[in-house]
Amino acid sequence: MADIQTSNLQQFREGLLDNNPVLVQLLGMCPTLAVTNTLENALVMGAAATFVVVMSNLVTSLLRHQIKPHVRILIFTLTIATFVTIADMFLKARMFEVSRKLGPFVPLIIVNCMIICRAEVVAIKNGLWRSLADAFGIGLGFTMALSILGVVREVLGSGTLLNYPVTPASFEPHLWIIMVLPPGAFLTLGIVIGIVNYLRQRDRKGGAA
Amino acid sequence: MTLGIGAMLGIFLSVALVNNLVLAGFLGICPFLGVSRKIDMAFGMGCAVTFVMTISGIVTWLIVHVVLVPIGTALGDPEALFFLKYVAFIMVIASMVQLVEMYVRKFFPPLYTAFGVFLPLITTNCAILGACLLIDMKPEYQNLLSATIFAFGGGIGFMLAITLMAGVREHIRFSDVPECLRGPAITLLVAGILALAFMGFAGIGK
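Protein chains in written order, with our numbering: chain E, 1 to 209; chain U, 1001 to 1206.
Simulated from the structure, these hints should not be mistaken for laboratory data. The reader is advised that the hints may include incorrect statements.
[To be verified] Simulated coverage check for chain E against chain U, where a stretch passes if three residues somewhere in it have a Cβ under 8 Å from a Cβ of chain U: (1) 77 to 86; (2) 146 to 160.
[What the hints assert, rightly or not] Below 25 Å or equal to it, Euclidean Cα-Cα: the simulated PhoX-like pairs (lysine-lysine) are: (3) Lys1138(U) / Lys92(E); (4) Lys205(E) / Lys125(E); (5) Lys1106(U) / Lys101(E).
Ideal Cβ placement from N, Cα and C applies to all residues, glycine included.
Same shape as in the complex, but just chain E (with noise of 0.2 Å):
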């Protein structure tokens, strides 16, 4: 019991920080660019992909034994269209503004390769517990993910967080408008994973030495 409790850490720790999905894997990236011009919108498509990350998988972890494996994509995108549906729904009802913002991300949740793959790697091999660990360390994984962009993007591009100013006086957005533009969601990427690799090197060659 103990070591199956570990592996289900580890499994969580995994998606977390090693594998995240974002900076490591490049999985989800459209998102990942489109809706991080601000935290909120950050937080919020997040959270989106967690729940449906979270319910595909313990959909697909509790039919593992059903599905033939031919029909198998079929199935995962069809449970991950239908969680998709919910989620949508619920952001309209209760989050309107947000919802219209994120416009069509919300929708294509549904080809986020991310959630596919999370389905193909772990959920049809794996029991309910462990899938879930899974899920909900590439949830939020895939949330911190965004955060970190929503936080550089919103700061430096309006001046504010979650809304709130926070910038000293001095600071002028508008010269960094570039940031919550288009371009701004690449370079800073591109940067955020320079960033990554250099620490992850870093890391190797001092275990190395």
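Assemble chain U onto chain E, guided by the hints.
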């Protein structure tokens, strides 16, 4: 239903250049980063995407306006069945890709070998689903002709972006990039600069 040639060109330029799906709309980033190592591969991917996007755009438009709305109206509310949209769209795209693959393999074998592995990959290309959703969300694309032009223009825009990127990356191979920036990081930085360049198109059309 009639659309002037100017309006048609406006839609096409707007989606292919000004609001380029990849560089301004962040759709289809995965193949944009993954399949942009060589120009000929990038061009093949671009052609396959344009092809499938145009067909899916037409078919999903037909699904909404010929199937979901009339049945919903018969049930009393035109939007009664709209909760089925996403499931229907992804089914259409997955089966369209399958159908196109079989058709091309049977009737155009050279084209099939040219497209190769790209056709199945397109199912999970969010640019396709994204274009269908955008057509569905915007009221100005409520007739079939403008929806078709939008889908086709989106595909051409994708092809343009991915081919340009491949051209740049073929040259990057010969330059001295810092070790931690190699691979995806430098590709994203280049994409940022390309996106800056594409912002220069803003103002064309409308």
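A quick look at each hint next to the structure:
For the region 77 to 86 of chain E, the stated coverage by chain U holds: 6 residues have a C-beta nearer than 8 Å to a C-beta of that chain, and at least 3 were required. Counting residues of the region 146 to 160 of chain E whose C-beta lies closer than 8 Å to any C-beta of chain U gives 0; at least three are required, and the coverage claim is violated. For the given pair, Lys1138(U) sits about 17 Å from Lys92(E) by alpha-carbon distance, which is consistent with the 25 Å threshold. A threshold of 25 Å between alpha carbons decides the hint, and for Lys205(E) with Lys125(E) the separation of about 34 Å lies outside it, so the pair is violated.
Restraint check for Lys1106(U) and Lys101(E): not satisfied, since their Cα atoms lie roughly 44 Å apart, outside the 25 Å limit.
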